[in-house]
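Those sequence lines, one after another, are chains C and U. Residue numbers for the first sequence follow the working numbering, beginning at 15 and rising by one. Residue numbers for the second sequence follow the working numbering, beginning at 10 and rising by one.
Worth flagging that the hints you see were computed from the coordinates, not collected in a lab. Quick caveat: nothing in here was measured; it's all calculated off a predicted structure. Among these hints, one or two may not hold up.
[Unchecked claim] Going by beta-carbon spacing under 10 Å, a handful of chain U positions derived as facing chain C:
#, residue
1, Pro31
2, Gln40
3, Gly49
4, Asp61
[Unchecked claim] Chain C regions said to be covered by chain U (calculated; three or more residues, Cβ under 8 Å):
#, region
5, 101-108
6, 111-120
7, 179-192
[To be verified] So the derived list for chain C, only partly shown, Cβ under 7 Å to chain U, looks like this:
#, residue
8, Cys67
9, Phe80
10, Gly147
11, Lys150
Idealized CB from N, CA, C, for every residue including glycine.
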Amino acid sequence: MANVTLTIDGQKVTVPEGTTILKAAEKAGVKIPTLCFLEHVGLRHIKHDVGACRVCVVEVEGKKDFVSSCNTPVEEGMVVRTHTPKVIAARKLNLEMMLSDHHLDCPTCPKNGICELQAICAELNVRQIRPQGEKKDFPIDDSSPSIVRNPNKCIVCQRCITACKVLQTVDALELYGNGFDAVVRPKGGLPLIETQCVACGQCALVCPTAAIVEKDDTWKVWEAIADPKKHVVVQTAPATHVTIGEAFGLPVGTDITGKMVAALKRLGFDAVFDTNWSADLTIMEEGYELIHRIKNGGVLPQFTSCSPGWIKFIEEFYPDLIPHVSTCKSPQQMLGPIAKTYYAEKKGINPEDIFVVSVMPCTAKKYEAARPEMNAASKYWNNPNITRDVDVVLTSRELIRMIREAGIDFASLPDEPYDPIMGEGTGAAQIFGATGGVMEAALRTAYEVVTGKTLPKLDFEDVRGMKDIKEASVNMNGVTVKVLVAHSLGAARQLMDKVRAGELKDYHFIEIMACPGGCIGGGGQPIPTTVEERENRIKGIYERDKKLKIRKSHENPEIQAIYREFLKEPLGHKSHQLLHTHYTPRGKK
Amino acid sequence: MAEIIEFFLDYAQQNSCAECIPCRIGTKRMQEIVKKIFDGSISDREVSLLYDFAEDIGASSKCDLGKMAGKAVKFALQYCKDDIDAHIKGSCGHSIPANPGWQAIMMK
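Same shape as in the complex, but just chain C (with noise of 0.2 Å):
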């Protein structure tokens, strides 16, 4: 390609043809501010670069009017001037514009501290609103039990359509309407419920203001650890243990699960489990189940179940594959219904007073358990005054804010262990929450179960990393088993087209995450997660793996104590009541 030499604020800067301003001004060490901009879209090749906000705006020499440097690409000879008087005075009034359309409870506002608008105001020195005029003022739309949109926050940048419908292909979100009255709503201006919405947050995660948050259910557990009736028991998800750490200053990927559970301690929770155990306890049964199908002609390639998003994605648009879906709960469902049954009963506990919180990194999964069949122990016990199987479920952030609340120094708290029972996770559960984690936890345990041999190399580097879709094979017994890891719902479709039109027949599992990097990139983690996070924090997840002592789901010893003591066996009569669940096909009629 062609290289192009122009002149940016005086320096000579020499950029491939097709550059933006924006990055070659970069590449000159020059900064111009943006708000709506986006570089990667959850993964590196989507980009956001409508250039809506106007405050990349550039002065080129020649040319009458401002061009915006995120989406124009550079000329040979231009000459860029990025700070005159009068592009810093447009940029201000742009930004005044939109203060002037913004409902300006800052100090009250979810987003407070972490807004983009904010901060790009403070950046750029914006110290008054001239323009003043009419407001919008939309309904709240709080209809999903994941995500609250606020439509009055809204600036209009589009960054959530671009992940919904480029980056996840679910395409819930419009702009509707002409000037000053348009909207970002749900399609069809239907309450976001009503939409086939997957509640993955990935809108959430990129919106600049707090036009789109998670719901906050943190009032509900507060109110729970109070009531001395209630025996509150906690579960973290494994992604939470490499992210929590980002919002109190320690790297991004840090591993702090001791501070985590030390902290959950403090804040009152009557038991501290991990989702890492439920983990392994998904590994034995979803294993078992690919070993069934595989030697009794099921239907394959079998996919997994542990991303509620993914979940509500195969149900509103691939209906007819759902025979392919793997029968287990996601580990948090399958955490639930143990702790009101197994638990409750080593425990002498009354399952009516136990409450289930799980910490998770995910808006899908308030979904998830809000899901009506997912009241397993309620069923099991016969007893309806047995609540939910999950009560409440909080994303990260809703825990980083409870720590925050309680004054909690969660740097400095020394390193607490998980309670018995159900505290034991294993590194093959702890990679959960990477993409293409389930995959190498699956093949773990099930390589060990189908040969009776050791594997020599733990590690299967091809599901690993950020490439949208990966392959892999392993030989087991002569039987070559083989497998499709996708992440990301656009990655998603692409393969269920694939299946649909019959062309994955000799594959026999796929993994399919809902966000991009797995659950490290879901829909609740801290803000920002960009790709760069998203691979620190994978990073994190795997030294975390090779720290534990015990790699294998099928080792984990509170696995074998709840088989031997409970379960008996894996698909057995007792896994079928509580561990597995059934999926509705929705999508348009």
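Since the structure of chain C is already known, use the hints to place chain U on it.
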């Protein structure tokens, strides 16, 4: 001229794709100020703000619709200030007379 810019701003608002801020919000704010020209309630501060708006929207909108809306106001303020001042004072003499021939043409 005041009527023309009012018309132009209405047109821009109705047809703005809403993608960029200057066109979506800026033309609305200009519309609100221009409306005050007609009842004379516009302040000096607002007139000067209208200048700033026109300049910024004309230069930084994403497409020609927003740019033209800004420029229309800018040129009106630049070249037809008398007409606008007269409007503000409530003494507009309609300095550009209606085409006297149009009725004859239409009636043919």
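Are there hints from earlier that the structure breaks, and if so, what are their numbers?
-> Per hint list: 3 and 11 violated.
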